[in-house]
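A.B. asks: Here the structure of chain D is known, so what remains is to put chain R in place on it, guided by the hints.
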Amino acid sequence: MYKYVLRRAVLAVPVLLLSSVIVFGLMRVMPGDALVALMGESGNIGERELAKLRKDLRLDLPYHEQYALWVWQMVTLRPGDSLFTGEPITTSLKKAIPVTLELAALAMVLGIVIAVPIGVLSATRQDTPSDYVGRVVAVSGLSLPDFWLGTLVITFAAIWFHWIPPIGYVSLWDAPWRNLQQFLLPAAVLGYRLAAATMRMTRSTVLEVLREDYVRTAWAKGLEGRIVVYKHALKNALIPVVTIIGGQLGVLLAGTVVVETIFALPGMGRLTVEAILFRDYPVVQTNVMLVAGTLVTLNLLVDLSYAWLDPRIRYR
Amino acid sequence: MATVTARPAALEEVPASAVEISRTRALWHALRRQPLGAASAALIALIVLTAIFADVLSPYDPLETRPEIRLAQPSWEHPFGTDDIGRDVFSRIIHGSRISLWVGLLAVGIGTAAGMVIGLLCGYCEGRLDLIFQRVMDAIQAIPALVLALAIVSVLKPSTTNAMIAIAIVIIPGNSRIVRGAVMSAKQNRYVEAAQAIGCQHPRIILSHILPNVTAPILIIASIWLGNAILIEATLSFLGVGTQPPTPSWGLMLSSTGRAFMEQAPWLAIFPGLAISLAVLGFNLFGDTLRDAWDPRLRNTR
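Just so you know, the sequences run in chain order D and R. With the first letter of the first sequence counted as 1, position 2 gets the number 2 in the numbering used here; the numbers rise by one all the way through. Whatever position you read off the second sequence (first residue = 1), add 1000 for the numbering used here.
Here chain D stands alone, though its shape is the one from the complex (with noise of 0.2 Å):
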């Protein structure tokens, strides 16, 4: 166990190396000198002062010495300064992290909370009008974009209930209920796709789980209904749901981006946007890695959940 994961991380090394090259190329072939337009916003400024910032900057270094020493930047977690507003990312990450956790954390919670049941529903009742329900519920899931749904959300909460989610962020610890009404609502938009693809899967592996041997045993035994289906099948199907919900992931982070644009929430995807937008390649360079991170991480932690849910499984 302890050598696969092992292995696992090890792996994940040149994967995250190879990210960052392809991330580090990207921002270098950005047209537009992110420095020309640092300049264009302070008026004009004279060429010695512009030699002074490129090396400021480490602009002056050629690109594989200035890859060596972001990447050393990285390792040590000292990302160094935004280009726009000066401040050190680290500062404007310790801001922006809890909130798109918070977002995640939540609109996961949701999406699971609602998906899982459902779709158990779905498989028991197969070819029902509310399995039919729970299916096109499910489709249009994944077919309707978030940033539809989130602004039809927020625009009809404010004609229908003159509801407004208050402005101006607030954490969780200073102000927890303020802070639970700016995020239900982005959290629900963001779950919702989740719980789409989370329901569809679910659906699928009941119903061949169903047709197993051992639960025409249990239902032989005389089993109450409730406890064949989640004890005895939900168990065995959770598989490949934990599967689809890892692999969700990167859309669940994909989605933080919008869901935070609309929402006005100040988090990571915000951030990313951006920088993206004002070309603030070290902020997007750090956020992109930290992102990738995140999701080989969390992969790995997805396939060691898999021993836990099914004793068969063994690493080696």
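Worth double-checking, as some hints may not be accurate.
[Stated by the list, open to error] To spell it out: a stretch of chain R is covered by chain D in this simulated footprint if at least three of its residues, at any positions, have a beta carbon under 8 Å from a beta carbon of chain D; those stretches are:
1. 1063-1073
2. 1260-1266
[Unchecked claim] As a list, the in silico DSSO-like pairs of lysine-lysine whose alpha-carbon atoms are at most 30 Å apart:
3. R:Lys1157 to D:Lys52
4. D:Lys55 to D:Lys94
5. D:Lys235 to D:Lys221
6. D:Lys95 to D:Lys55
7. D:Lys235 to D:Lys3
8. R:Lys1187 to D:Lys55
Quick caveat, the hints were computed from the structure, so don't treat them as lab data. We treat Cβ as the ideally placed atom computed from N, Cα and C, and that holds for glycine.
C.D. replies: Then chain R, alone, in the frame of chain D:
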């Protein structure tokens, strides 16, 4: 001797065409049996026809501005209302189908073709080439699709074409992996071994013995990706880095005027969003039908 060498070729011809026939038949059967599948096919046909005949179907010029009737409510003259500078929303949505379909088809076409070439090479050659390519694909997949597409588009400058290129790049890794898996299992077939034994060239083995085995998964994945590609294009346009104004694109219509005038003129946001949802829904359901008919094992791929 001549008859002996001629026979295997003749034998291969028959199953290949038989596979084609059974696939069409399986799809036809599935479409007739599943009402949702048939509905999705009809929906796709409707969108494709709308895009082709957009000029004939739209009652007004999608770019014509008439400020005197700005933000007009839906009426008989303007079924979906007008936007903030008096353009007919119905006509703009009809023309928007062209952008969505065009970007979707080209992005998926390019992404699928590239993924297929990489998958075929990796699956067939294995070894070092495979290892390197798979790690590169892992690295691309470690970055969330939308974030990667955003970064690519902002590097290339926001435009419809660049959004398409970004979507194509995002599609490649997953596709190459599915093709690679299918190639590896197809390689186990006796006839591939036989072809190698009689000294067939590699390109010929790949093209005529392995490729037919991977067309079904490729078509299924492509149809599912089409819906996603339309969604990503709309999202990029919504965020301002896709199609640029004044071109009618569904995502752009939603973000530019749709959100700004949401409370006075909800139709500006409702109809483009509905168009996106229906298009994506159509391709999603059609992809499901195709998968159920051809290869239920692919269920776990999404």
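A.B. asks: When you check the alpha-carbon spacing of D:Lys55 and D:Lys94, does it fall within 30 Å?
C.D. replies: holds (27 Å)
A.B. asks: Are the Cα positions of R:Lys1157 and D:Lys52 separated by 30 Å at most?
C.D. replies: Between R:Lys1157 and D:Lys52 the Cα gap is close to 28 Å, so the pair holds against 30 Å.
A.B. asks: Hinted pair, alpha-carbon criterion (30 Å max): D:Lys235, D:Lys221. Please report holds or violated.
C.D. replies: holds (19 Å)
A.B. asks: Go check the stretch 1260-1266 of chain R versus chain D for me, would you? Three or more residues, Cβ under 8 Å, otherwise it fails.
C.D. replies: Three-residue rule met by the stretch 1260-1266 of chain R, so holds; n is 3.
A.B. asks: For the pair supplied as a hint, R:Lys1187 and D:Lys55, is the alpha-carbon distance within the 30 Å limit?
C.D. replies: violated (55 Å)
A.B. asks: Cut-off 8 Å, C-beta pairs, minimum 3 residues; does the coverage of the stretch 1063-1073 of chain R by chain D stand?
C.D. replies: Coverage by chain D is violated here, the residue count being 0 at a Cβ distance below 8 Å.
A.B. asks: Is D:Lys235 close enough to D:Lys3, meaning Cα to Cα at most 30 Å?
C.D. replies: This hinted pair holds, its Cα atoms lying about 27 Å apart.
A.B. asks: Check the hint pairing D:Lys95 with D:Lys55 against an upper bound of 30 Å on the C-alpha distance.
C.D. replies: Measuring from Cα to Cα gives roughly 29 Å; hence the hint holds.
Violated hints for the displayed structure, listed by number in ascending order: 1, 8.
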